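Student: Here is how the chains run, residue by residue.
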Amino acid sequence: MPIQLTSQAYCKMVLHAAKYPHCAVNGLLVAEKTKEKKKDSHGEPVLCVDCVPLFHGTLALAPMLEVALTLIDTWCKENSYVIAGYYQANERTKDSRPNQVAEKVAARISENFSDAAIVMLDNSRLTMSCFEPIVLIYDHHENKWKSREVTFDCFEDWSEAQKITSALLEGRSYENLIDFDNHLDDLRNDWTNPVINKSVLDLC
Amino acid sequence: MASVVKREKMASVSEMYDVGWEEMRDKLRKWREDNCRNSEQIVDVGEELISEHASKLGDDIWIIYEQVMIAALDCSRDDLALTCLQELRKQFPDSHRVKRLSGMRLEALERYDEANKHYDAILQDDPTNTAARKRKISILKAQGKGTEAIRELNEYLEQFVGDQEAWHELSELYINEHDYGKAAFCLEELMMTNPHNHLYCEQYAEVKYTQGGLENLELSRKYFAQALRLNNRNMRALFGLYMSASHIAASPKVSAKVKKDNMKYAAWAATQINRAYKMAGRGTKENKCSMKTVEEMLESMQITMS
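Chains as they are written, first to last, in UniProt numbering: chain A, 1 to 204; chain B, 1 to 306.
Next comes chain B alone, as it looks inside the complex (with noise of 0.2 Å):
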């Protein structure tokens, strides 16, 4: 999407927030460990606290620069993207994840031929360089080549199996193409590899439940289960194990017993739903509203499921 240009900026984020650059810069690291996108915060904080505390960043201040210039592109900001890209090509001139930044300068700027030729002559220097390859993917995700994206991506994959991002990033490429086989074939590798991660637990059984069919059904069902079991505040497992049982339930091909057991576990997932509901609205007045909503729904769901 374009970015909105920016607006003048009145006050600093120090003035603004109360807070020193020892504070800004450990936000930043925490937001670069978590690999947020928030990319307006980290330009305001990153770009304040390069122009005012430089000095007193010590080493930080390669990785502060590599940072705020990719938040920066994010913002159309090609003016600090710039000026962090200058200077980490003084301070690394024959980096690799420099020539990197300058293709992602590139991509941002819709120059995807000259970055393309970036990425190729890093390949050239160093065939196994991951993040180059994977540029050259964005580059096709970011033309809409969907179809040739996945088909880069498998190949990466067939060297890099453990890369765990790429294989994410497959699994929502299949979901867009709405190849939901494949996709859930690529969160069955992640869930391999992270047994105890509810979210890949959650969005399998998610993918399992869109595929659709009593078979897949009752396949969401476990995993959302599964999930709950890893995480019990996970609401889009509660919610699915809800949805998956109740449909179950309603299905004219299961038999007696597999309608029963269903319907306990959509009843146990309702009580769970709305006691989460409750939990949530203690004290607001609004949210009071939401849980009546939320108990009208499961029980109006209950009348048409039955």
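With the rest of the complex left out, here is chain A (with noise of 0.2 Å):
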């Protein structure tokens, strides 16, 4: 089942990845929840209308990692969203492809939810117009995780993605993305990011 991403999805993405642009950065994606499992709703995509910003620098540790996938779970379920998918931008501009951390957690999150996808940020084609997405894709086959052709039908509607993205990069918005290592440096840092939120529907 292929996912498909919300422009705010896709721009808080961005934006997490541009605000550290010197580390790597990953996070959750999100879901609304289905109610019934249709018989043939395999081809039909999965929309994912939001992301969580986890950890920026060191990936590769677990305890953090684990209360973060709890915590998000937690509210997930009070939100009637699941956990569909996971993204990671490299620490280095040439390396895109996903390494032992993100097939961890696409594993984790592929126990409650089986088609989890991986999306990697492409760094190198980052840019202020966004006029390409840089997003691949990859979906487990067979006990391997391949990568999807990206279209604009991975996307709710490219175009407004676009427009939001590169507004939102232009303005710096990013100086003001909340990621989960933000939140536990201070509580009140909220990971929901919802003065973003308002930002990307101001502009839809």
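To be clear, the hints were calculated from the coordinates, so they are not data collected in a lab.
Any given hint could turn out to be false.
Not the full set, but computed from the structure, chain A residues with beta-carbon under 7 Å of chain B [as the list claims (entries may be wrong)]:
(1) K33
(2) T58
(3) A60
(4) L61
(5) P63
(6) V67
(7) L69
(8) L71
(9) T74
(10) W75
(11) N79
(12) A107
If you want the footprint, here are the derived chain A segments under chain B, 3+ residues with CB under 8 Å [said to hold, decoys possible]:
(13) 92-103
(14) 183-194
Since the structure is predicted, the reported quantities are computational estimates derived from the model, not experimental observations.
Note that the Cβ used here is the ideal one computed from N, Cα and C, for glycine as well.
With the hints as a guide, bring both chains together as one complex.
Tutor: Quick look at the structure:
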């Protein structure tokens, strides 16, 4: 089942990467929980409506990741969401392959959501104008993570996503993006990013 | 990551934030002292300070040129970096410190072979120049040669065993290679020389937890607790204490006493966590949701772990 990204999900991922250009960053993608599982729901895309930025810098340590996964899972249940995917931008510009951390987290997510996807950001193509999507999407097939072709169908509305992301990058909104690391530094920092969400809504 | 192209600056920093040149200079100093990597801000403030208030800065201007140059490299502002570099070259023509900056500019332009030549030239002249050696290791890191970077850094540390920044860098390199045992060793060195640093304790605990296994979990719990003793507001240590104690209590391999003790530690940590969220949420509507979420999460974990 392919995933689709809303403008909000896409732009917050890109803002997270832009906030920490010298670090690796990662986060979770969440989708709305559908009530019934239709028999022919294979092939219908899973719409990732939002993302939760997690960490920057060292991604490979377990305890805070576990806390984040459990906390965000609880939050999802309260909001009828489900964790449907994982995103990561590596530290180096030219490196956009999913690594062991990505595969481990995705495997964990797959325990609760069978079609979990890995979304990697291609740092080398990140620009202010966002003229093309910079994500690589990986699905789990036969025990391997394989990348799928990214088209505009991977977005709920690419031109809206492009317009909003570009505007927020220009306006340096990434300075106000909160990830889980920021939250652990100061609990008042809200990882649901209500301020950025509002900016996205205002630009829609 | 490729830096985004700079937009046109609209208003000056001093206009936007209503600050004078002295405040801008002091801000730059604070960022230098704290070793912050907020390069966009440094470029904004520094560029304006240099272009409009250079004469007032006295001898501070040279260290500001250095700071702004490095920040400019981070922001792909090669124009600004070159300006700063040229001023420094004029003032300090034979300086190794400036030569290192030239090397860094070449690194930013991904001309690694030329950069290495610069650093080798410095080291020919002065084999004890630590800055040049660290830049060479950074180049290996930038090229994705993690194993080689680790090897070189180990050699460096044999000679310069007291270099804390290097030990910390090495621990990070090991973590990225998932060699948690060696990462722990580096952090042990840091804890020995900095026994009051709660961050090293907490990072060591995280590494031990990640290594896994009952013994490492118990060690991690002890060091999360130690980090809390050193700084009772370290949320990572508090969460870590909760997680490690909960996992130990849930393990089938522990005695009844150990199980009981760890359930006590976990319960204590849960209370502290809830209290911390309550304090943070005082007055704000949104954070009350956060508090509720945390309470529920802790409760649900107790259920699954018991």
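Student: Each of the hints needs a verdict: does it hold here or not?
Tutor: Checked hints:
| no. | hint | result |
| --- | --- | --- |
| 1 | K33 | violated (16 Å) |
| 2 | T58 | holds (6 Å) |
| 3 | A60 | holds (5 Å) |
| 4 | L61 | holds (5 Å) |
| 5 | P63 | holds (5 Å) |
| 6 | V67 | holds (5 Å) |
| 7 | L69 | violated (10 Å) |
| 8 | L71 | holds (5 Å) |
| 9 | T74 | holds (4 Å) |
| 10 | W75 | holds (5 Å) |
| 11 | N79 | violated (9 Å) |
| 12 | A107 | violated (15 Å) |
| 13 | 92-103 | holds (count 5) |
| 14 | 183-194 | holds (count 8) |
Consistency with the previously given hints fails for numbers 1, 7, 11, 12, ordered from lowest to highest.
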